[in-house]
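Student: Each chain, letter by letter, is given below.
Protein chains: 2
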Amino acid sequence: MYFNKVSSAHLEQLKSLVGSQNIFVDQVTLQNYSHDETENLSYLPEVVIKPENTQQVSVLLKFCNENNIPVTPRGAGTGLSGGSLPVYGGISLSMEKMNKIIKLDERNLQAHVEPGVITEVLMEEAAKLNLLYPVDPSSKGSCFIGGNVAHGSGGPRVVKYGTLRDYILNLEIVLPNGDVIWTGANTLKYASGYNLTQLMIGSEGTLAVITKIVVKLIPKPQYNLVMLASFPSAESACEAVSAVFRAGMTPSALEFMERAGMEWVVKYEGIKFEIKDHVKAYLLVEVDGNNLDLLRSDCEKIGEVLFGYECDDILLGESASEKDELWMMRRKMPLSVKANSVYKEEDTVVPRAELPVLLKGIKDIGAKYGFKSVCYGHAGDGNLHVNIIKDSMSEEDWKNKLPLGIHEIMELAVKLGGTLSGEHGIGLIQQPFMNIKFSEVSLQLMRSIKNVFDPKGILNPGKMIN
Amino acid sequence: MYFNKVSSAHLEQLKSLVGSQNIFVDQVTLQNYSHDETENLSYLPEVVIKPENTQQVSVLLKFCNENNIPVTPRGAGTGLSGGSLPVYGGISLSMEKMNKIIKLDERNLQAHVEPGVITEVLMEEAAKLNLLYPVDPSSKGSCFIGGNVAHGSGGPRVVKYGTLRDYILNLEIVLPNGDVIWTGANTLKYASGYNLTQLMIGSEGTLAVITKIVVKLIPKPQYNLVMLASFPSAESACEAVSAVFRAGMTPSALEFMERAGMEWVVKYEGIKFEIKDHVKAYLLVEVDGNNLDLLRSDCEKIGEVLFGYECDDILLGESASEKDELWMMRRKMPLSVKANSVYKEEDTVVPRAELPVLLKGIKDIGAKYGFKSVCYGHAGDGNLHVNIIKDSMSEEDWKNKLPLGIHEIMELAVKLGGTLSGEHGIGLIQQPFMNIKFSEVSLQLMRSIKNVFDPKGILNPGKMIN
Chain A
0 MYFNKVSSAH
10 LEQLKSLVGS
20 QNIFVDQVTL
30 QNYSHDETEN
40 LSYLPEVVIK
50 PENTQQVSVL
60 LKFCNENNIP
70 VTPRGAGTGL
80 SGGSLPVYGG
90 ISLSMEKMNK
100 IIKLDERNLQ
110 AHVEPGVITE
120 VLMEEAAKLN
130 LLYPVDPSSK
140 GSCFIGGNVA
150 HGSGGPRVVK
160 YGTLRDYILN
170 LEIVLPNGDV
180 IWTGANTLKY
190 ASGYNLTQLM
200 IGSEGTLAVI
210 TKIVVKLIPK
220 PQYNLVMLAS
230 FPSAESACEA
240 VSAVFRAGMT
250 PSALEFMERA
260 GMEWVVKYEG
270 IKFEIKDHVK
280 AYLLVEVDGN
290 NLDLLRSDCE
300 KIGEVLFGYE
310 CDDILLGESA
320 SEKDELWMMR
330 RKMPLSVKAN
340 SVYKEEDTVV
350 PRAELPVLLK
360 GIKDIGAKYG
370 FKSVCYGHAG
380 DGNLHVNIIK
390 DSMSEEDWKN
400 KLPLGIHEIM
410 ELAVKLGGTL
420 SGEHGIGLIQ
430 QPFMNIKFSE
440 VSLQLMRSIK
450 NVFDPKGILN
460 PGKMIN
Chain B
0 MYFNKVSSAH
10 LEQLKSLVGS
20 QNIFVDQVTL
30 QNYSHDETEN
40 LSYLPEVVIK
50 PENTQQVSVL
60 LKFCNENNIP
70 VTPRGAGTGL
80 SGGSLPVYGG
90 ISLSMEKMNK
100 IIKLDERNLQ
110 AHVEPGVITE
120 VLMEEAAKLN
130 LLYPVDPSSK
140 GSCFIGGNVA
150 HGSGGPRVVK
160 YGTLRDYILN
170 LEIVLPNGDV
180 IWTGANTLKY
190 ASGYNLTQLM
200 IGSEGTLAVI
210 TKIVVKLIPK
220 PQYNLVMLAS
230 FPSAESACEA
240 VSAVFRAGMT
250 PSALEFMERA
260 GMEWVVKYEG
270 IKFEIKDHVK
280 AYLLVEVDGN
290 NLDLLRSDCE
300 KIGEVLFGYE
310 CDDILLGESA
320 SEKDELWMMR
330 RKMPLSVKAN
340 SVYKEEDTVV
350 PRAELPVLLK
360 GIKDIGAKYG
370 FKSVCYGHAG
380 DGNLHVNIIK
390 DSMSEEDWKN
400 KLPLGIHEIM
410 ELAVKLGGTL
420 SGEHGIGLIQ
430 QPFMNIKFSE
440 VSLQLMRSIK
450 NVFDPKGILN
460 PGKMIN
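For the record, the sequence lines run as chains A and B.
Using numbering that gives the first Met the number 0, you'd call the opening residue of the first sequence number 0 and step up by one each time.
Using numbering that gives the first Met the number 0, you'd call the opening residue of the second sequence number 0 and step up by one each time.
There could be a bad hint or two in this list.
[Claimed, not checked] Here are the simulated lysine to any residue pairs, SDA-like style, with alpha carbons at most 25 Å apart:
1) B:K414 with A:H111
2) A:K219 with B:A246
3) A:K414 with B:G177
4) A:K300 with B:I217
5) B:K211 with B:D323
6) B:K211 with A:S447
For the record, the hints were derived by calculation from the structure and aren't laboratory data.
Model, not experiment: these values are computed from the prediction.
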């Protein structure tokens with residue numbers, strides 16, 4: 000790949016194309032846009048551009064394509080795979096100014112939004128109409144829906160409501176040559192040619208830039224209940240997860256948390272919560288629906304299943320504040336882990352019932368390579384976030400031995416029918432593991448698809464596949 | 000495109016590659032595989048091949064690719080867009096012998112199946128374990144799941160459970176050069192590179208041949224109830240559809256049927272059912288769940304909504320036989336329409352609340368071009384099957400004027416935010432309308448994607464895009 004640096008002549012032309020008020024070259028801004036939430040990586044862009052509309056994105060991409068200038072699209076910078084890092088410099092294309100909810104279509108249960116809308120803002124606006132957009136990553140309070148689409152982001156409610164993929168109906172995208180198209184239709188069903196909408200979801204800004212999104216909404220359930228169940232062993236908690244579904248229950252969230260994660264949440268968030276000595280893991284279970292009696296009965300049934308797997312205590316959250324408190328322990332866990340130690344997070348996912356095998360394997364691999372890990376995540380989906388803790392590990396081991404251990408974890412996940420990432424994406428940091436999951440034939444298909452959309456390779460270079 | 004005819008030398012080589020017991024050249028077989036359920040179209044293949052396993056598909060495709068022999072994959076031949084018609088001759092590749100349910104994975108709520116499994120067979124096997132595969136096209140008793148995946152097939156329960164797209168986790172596919180890959184992972188979440196699984200769904204056998212399918216199953220609801228509501232106007236029935244969802248209800252099916260369709264079902268199926276004089280349309284509503292009292296209360300609430308839109312009568316089906324009878328009227332409608340007259344079926348889909356506008360538009364266009372239509376379909380999804388009835392229309396008008404009318408119907412659907420096909424696919428017969436929905440930029444992207452997978456164009460040539 001050969002790219003040009005952004006010259007002062009380029010910069011003048013860019014200003015005339017997208018307006019100087021949208022172009023930033025000061026060091027503070029460049030620094031701010033050099034990283035995301037992925038560990039402590041930093042790659043400086045040469046320019047940060049914040050377009051205001053599709054037309055500006057179009058002329059900008061066309062210009063960069065003609066001038067071989069790399070463009071790295073960026074949402075809110077909450078990514079955990081380094082997807083928005085401008086590793087080849089060039090332009091960091093921040094979508095933050097394109098943050099309008101264009102239309103909340105109550106008649107059709109749809110929202111038309113720009114990519115810079117914060118996910119929780121959309122959820123709250125929908126809730127005012129008694130509608131639900133159920134895809135809520137932990138970062139929902141700050142992440143953009145555009146980034147969610149680009150990375151195929153998930154969250155706890157996938158287990159009942161399906162993935163983001165099931166809620167994105169149509170996308171306006173800008174191709175690197177400046178062409179603007181809609182990928183599909185604003186319909187619940189679609190059998191009209193190759194599904195470009197679905198191809199864009201999870202393409203991590205490597206094919207085109209998303210400029211509008213049509214989202215499916217559903218009626219909002221009126222009630223929910225939350226339970227926190229404690230277990231004397233992490234494996235039995237994991238075993239209980241698939242048993243819940245086999246018993247015919249479909250909770251709206253089923254989250255797994257290891258003891259250490261809970262300890263750190265309690266410590267760093269200053270929460271009053273007693274972690275009993277023998278407890279090794281927790282499951283957070285949410286049920287939702289329109290009939291409170293039925294939900295209580297669901298909780299009882301789920302409780303019975305859990306007690307069959309060594310669960311020794313269940314806390315029930317009924318009031319809003321009780322439920323918030325229970326959820327907070329899960330939602331704040333990523334930040335508490337971060338506060339505790341240098342760490343590295345992996346996003347393994349396996350078929351649900353293989354979770355206990357995965358968890359045990361991770362611990363065994365850790366013992367072999369000398370690292371500790373704290374695991375939590377969307378157990379109902381088989382999606383386990385593995386937080387590898389640096390703690391007392393030497394810099395050298397962290398740099399040289401750890402990658403071997405992570406490689407083994409990925410091999411295990413793939414062997415169990417799973418994959419490298421459930422919802423964080425490949426981005427920069429999972430790229431070295433792609434050949435564990437994919438044969439050269441598959442990788443070559445992906446490279447060729449990339450080439451169809453972006454023949455000069457200017458969009459988010461250095462990500463996902465190489 | 001340049002293709003070779005299948006010579007006797009080719010045939011001998013094919014026999015050695017896939018076994019002579021799997022190769023058919025007799026006229027009866029060729030005739031049988033020359034058509035599907037799409038009106039009265041017929042294109043003779045030169046050879047019918049019924050492979051028994053992936054390896055045979057692989058060597059066969061490699062051979063055909065090297066020898067420029069077109070291959071048209073075929074499921075059960077129940078398609079409604081001509082997708083399985085071998086318009087360039089060559090080989091009709093029937094997947095009927097690859098019909099094993101490889102594994103019903105109760106622990107993970109997944110099924111691993113071959114493409115030739117009949118959809119209803121999978122549903123019934125899953126039901127024995129109290130599991131649900133909810134994607135049930137009208138042809139579920141005969142269609143293959145492989146064909147369902149290839150065409151992105153739907154059915155009535157999409158409205159609650161989502162499309163087929165939400166239930167397909169992973170695919171084994173064979174590329175035209177014989178390479179075999181898995182497209183994804185057996186996981187509920189997936190953010191690991193371009194989603195080749197989703198790209199394959201609805202690709203209509205033009206990219207690769209599907210040889211194994213991993214399907215997501217869900218706990219089967221224990222109860223359901225069915226209502227048949229009658230309306231004095233088709234528009235008010237359509238208006239009621241989106242009102243049901245706006246009232247916070249999510250039925251497991253919400254089907255629309257025009258009076259004439261009902262008359263023909265009664266006539267051709269010999270059903271005892273009184274169609275009152277003033278009734279112009281019906282809605283069939285199904286609710287399902289695990290609590291019968293709640294379902295009864297849901298039916299009441301839905302009833303209240305319907306009565307607000309001129310509904311004058313609701314029949315409730317509680318017993319299995321009552322429910323079957325009500326469903327049969329909807330399920331047999333396609334066959335009854337077929338029995339009544341030469342017809343042509345379109346598969347328009349629009350955002351749900353635009354249904355009344357679409358329906359009125361179709362009637363107006365019919366009046367302009369002199370054709371009658373009977374509409375029914377998955378109203379809850381905005382998916383309307385438009386059956387244009389030949390009746391007394393002259394051959395000349397049928398041939399020359401009708402396509403102009405259909406063109407206008409498609410234009411209207413697209414203008415309303417919809418698309419050409421919701422679940423039947425583009426295949427052969429919707430191809431002329433692709434440029435109504437798609438710009439040349441989009442079409443060129445699709446052609447280039449085709450070229451990535453199938454550079455010599457041997458797979459299902461003449462379909463979807465040209």
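Student: None of the hints should be skipped; say for each whether it holds.
Tutor: A quick look at each hint next to the structure:
Our distance criterion of 25 Å between C-alpha atoms is met by B:K414 and A:H111, whose separation comes to about 16 Å. With a C-alpha separation of about 10 Å, the suggested pairing of A:K219 with B:A246 holds against the 25 Å cut-off. Using a Cα cut-off of 25 Å, the hinted pair A:K414 and B:G177 holds, with the two alpha carbons roughly 24 Å apart. For the given pair, A:K300 sits about 17 Å from B:I217 by alpha-carbon distance, which is consistent with the 25 Å threshold.
Restraint check for B:K211 and B:D323: the C-alpha separation of about 32 Å exceeds 25 Å, so the hint is violated. Proposed proximity of B:K211 and A:S447 is supported: the alpha carbons are some 24 Å apart, at most 25 Å.
In summary, the one numbered hint that this structure violates is 5.
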